[in-house]
Amino acid sequence: MGIKRTEDKIQKTPNLSVNIAGLKLKNPVMTASGTFGYGEEYSEFVDLNKLGAIVVKGLSLIPKDGNPTPRVVETPAGMLNAIGLQNVGIKAFIKGKLPFLRQFQTPVIANFFGDSIDEYVRAAGELSSADGIHALEMNISCPNKQAGWIVFGTDPKIMEQVIAAVRRTTALPLIVKLSPNVTDIGFMSKVAENSGADAISLINTITGMVVNIKERKPVLANITGGLSGPAIRPVAVRMVWEVYKSVRIPIIGMGGIMTANDALEFLIAGARAVAVGTANFVNPTATIEIIQGIERFLAEDGLSDINEIIGSLITGDLNHDMP
Amino acid sequence: MHRYFKAKITGNTPLNEQFRLLTLIPLSEIEIPSPGQFYMLQASSALVPLLKRPFSIFEHQAGTLKFLYRIRGKGTSCLAGLGMDDTINVIGPLGNSYPEPQEDFIAVAGGIGIASLLPLLSRFKKKAYLFYGARNSDELVMLNEAKSLSKEVAITTDDGSEGQKGLITDVLRDFLNSSRITYHALQIYACGPMPMIKELSSICMNKGLRCYASFEEHMACGVGACHGCVIKVRRQNTEDRTQKWIYERVCKEGPVFDVREIVWE
Ligand SMILES: Cc1cc2nc3c(=O)[nH]c(=O)nc-3n(C[C@H](O)[C@H](O)[C@H](O)COP(=O)(O)OP(=O)(O)OC[C@H]3O[C@@H](n4cnc5c(N)ncnc54)[C@H](O)[C@@H]3O)c2cc1C
Ligand SMILES: Cc1cc2nc3c(=O)[nH]c(=O)nc-3n(C[C@H](O)[C@H](O)[C@H](O)COP(=O)(O)O)c2cc1C
Ligand code: FES
Chain A
1 MGIKRTEDKI QKTPNLSVNI AGLKLKNPVM TASGTFGYGE EYSEFVDLNK LGAIVVKGLS
61 LIPKDGNPTP RVVETPAGML NAIGLQNVGI KAFIKGKLPF LRQFQTPVIA NFFGDSIDEY
121 VRAAGELSSA DGIHALEMNI SCPNKQAGWI VFGTDPKIME QVIAAVRRTT ALPLIVKLSP
181 NVTDIGFMSK VAENSGADAI SLINTITGMV VNIKERKPVL ANITGGLSGP AIRPVAVRMV
241 WEVYKSVRIP IIGMGGIMTA NDALEFLIAG ARAVAVGTAN FVNPTATIEI IQGIERFLAE
301 DGLSDINEII GSLITGDLNH DMP
Chain B
324 MHRYFKAKIT GNTPLNEQFR LLTLIPLSEI EIPSPGQFYM LQASSALVPL LKRPFSIFEH
384 QAGTLKFLYR IRGKGTSCLA GLGMDDTINV IGPLGNSYPE PQEDFIAVAG GIGIASLLPL
444 LSRFKKKAYL FYGARNSDEL VMLNEAKSLS KEVAITTDDG SEGQKGLITD VLRDFLNSSR
504 ITYHALQIYA CGPMPMIKEL SSICMNKGLR CYASFEEHMA CGVGACHGCV IKVRRQNTED
564 RTQKWIYERV CKEGPVFDVR EIVWE
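One line per chain: the protein sequences are A and B, in this order.
The numbers in the working numbering rise by one with no breaks, and the one at position 59 of the first sequence is 59.
The numbers in the working numbering rise by one with no breaks, and the one at position 89 of the second sequence is 412.
No false leads were mixed into what you were given.
Within a straight-line C-alpha distance of at most 30 angstroms, the following computed DSSO-like cross-link-like pairs (lysine-lysine) qualify:
| id | chain 1 | residue 1 | chain 2 | residue 2 |
| --- | --- | --- | --- | --- |
| 1 | B | 555 | B | 397 |
| 2 | B | 331 | B | 575 |
| 3 | B | 448 | B | 530 |
| 4 | B | 567 | A | 91 |
| 5 | A | 214 | B | 521 |
| 6 | B | 389 | B | 575 |
| 7 | B | 575 | A | 91 |
| 8 | A | 24 | A | 190 |
| 9 | A | 157 | A | 64 |
| 10 | A | 95 | B | 555 |
| 11 | B | 555 | A | 64 |
| 12 | B | 555 | A | 145 |
Simulated restraints on C-beta separations:
| id | chain 1 | residue 1 | chain 2 | residue 2 | range |
| --- | --- | --- | --- | --- | --- |
| 13 | B | 409 | A | 234 | 28 to 34 angstroms |
| 14 | B | 566 | A | 129 | 29 to 35 angstroms |
| 15 | A | 314 | B | 355 | 50 to 56 angstroms |
| 16 | B | 369 | A | 99 | 39 to 45 angstroms |
| 17 | B | 583 | A | 17 | 52 to 58 angstroms |
| 18 | A | 44 | B | 410 | 18 to 24 angstroms |
| 19 | A | 99 | B | 336 | 46 to 52 angstroms |
| 20 | A | 143 | B | 489 | 48 to 54 angstroms |
| 21 | A | 164 | B | 409 | 54 to 60 angstroms |
| 22 | A | 40 | B | 406 | 35 to 41 angstroms |
Stretch-level coverage of chain A by chain B, calculated; a stretch enters the list once three of its residues show a Cβ under 8 angstroms from a Cβ in chain B:
| id | segment |
| --- | --- |
| 23 | 38-45 |
| 24 | 70-80 |
| 25 | 278-291 |
To be clear, the hints were calculated from the coordinates, so they are not data collected in a lab.
Ideal Cβ positions, reconstructed from N, Cα and C, are used throughout, including at glycine.
Please work from the sequences and hints to get the whole structure.
Structure representation (structure tokens):
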């Protein structure tokens, strides 16, 4: 790439491909878990072959019914959700949903969760033996039933144990999705890296709440929910930057990305790839428009390779070598 | 043919203070909607309100789509503020539709529920016994249209400002008890507030009538991806043939469900 750059800056379309823990993505734009179903739901709007990767809705060993309704409510420039991780279960996913995804030349990343270390391990095991899954993304923003329902991703000790246990189970690239509901995200990312994560994705939703003042009741049946959408973007960008300063493994950034410019903020702050979530609901073709917009931005800036922009934030005191 | 398209607003007519009729001209070729289906309409190009809002197809004719809506909160207020030649993004037609009536049928509309039922009345002209209830005469929108498309019409309002004072479900119960018609073959189609549908459901259980109702839930995506809009339905377990309840998506498996399937809370 380095040679091409000087020769034909304008004619050549810039290189968009990035590498996440050995997984080559044709571009850095993927879907955020839980916002793109199992791919099929959006396949009439988006050519799935054009995506960097497809991250499917969170899966568990045993199917989950999810929470009562209302499960979603809009908030200023965002939304709260308390879906309760409703999903068909890993077996039904592999049998019923994965064959559809195998038709595409796009890596499939299986997002999964559990309520005990044992369940995480068995889930990772089943997913790893399926044909057509290219990486695992571990959602650790879930409560641990064996430890007083403390969220795995908010307690460094439990987090270390569960990541290490899953690490021993799978040979697939292991992405750990961090919870933003912690005080020191840089420290937590370091714990994930040391426990065997190949990459880190962030942020998951920020816990929030909306009250119906007439009824004096929470709007969501679950009382609290996860905030997503543009409202959380500055928090997400800041967290990506803090994690970038703390670890050497690649980062997948997400949180309120609606446009290519939003995605570029994450890339510049240190994310090697980005995921698009809530924006899909607003604009089903958002992912494709973001890919095109990033490509245009690079071309206009005379850059031939996306990797030139990753972690290129100028702060004066940033001291971090590309891994 | 795409289910995600841009459309130009060619009308956003107030019918009274709260109700409006929105007319859209799609800027590309679209799929033809069936009665009961809905669209996700963009209410603003700003980030607030962020999500699209679901609205039933009210009329599809000569390349235009019409929606009848009631101004409720931020989304519908923004929609009401849009003017001629504004362009919005639209997803649809979405969801399932009312199954075709076999013969004459009963339609029960509660307030703005008329928006979803009118295309059915229009497709099967003069076949419906329409039961239309609303809070007051102002909220009985599109009454003349509904009358001209139906075989017979019964009206109630909460305040008695038009038709009988009372609940539309009570009038329906009297009608079914009157044995003026052999109602057993009639199917019921309904759209309206939840208490109305629930009452209707118990009437139908009692009389052994089949009732298809359109349900509402808060929606985020409208296309089955987020699982935000679920409703509890009874389904048979394919393996052991036992009954169990599951959450199905109003936007995908619905919005129309056979009320016998609904698990009422
Ligand atoms: C399948 C379907 C068809 C519908 N058809 C019509 C129609 O033809 N005409 C009409 O006037 N109304 C219709 N509605 C209701 C309409 O979607 C709501 O009135 C509207 O979304 C309210 O938005 P708002 O921002 O004005 O209100 P707000 O109360 O401010 O809305 C806040 C949030 O709640 C959601 N929400 C609130 N009420 C509902 C609801 N009942 N259904 C779904 N989401 C809701 C909104 O999407 C938004 O995210 C339909 C709803 C559904 C599900
Ligand atoms: C409806 C909904 C469901 C989600 N489900 C999951 C999930 O199952 N697993 C997970 O790791 N994250 C889940 N998320 C979090 C998103 O993947 C993402 O981290 C978050 O929404 C921030 O990105 P956004 O602002 O672009 O949506 C969900 C988010 C939403 C809105
Ligand atoms: S609104 Fe997203 S699944 Fe129905």
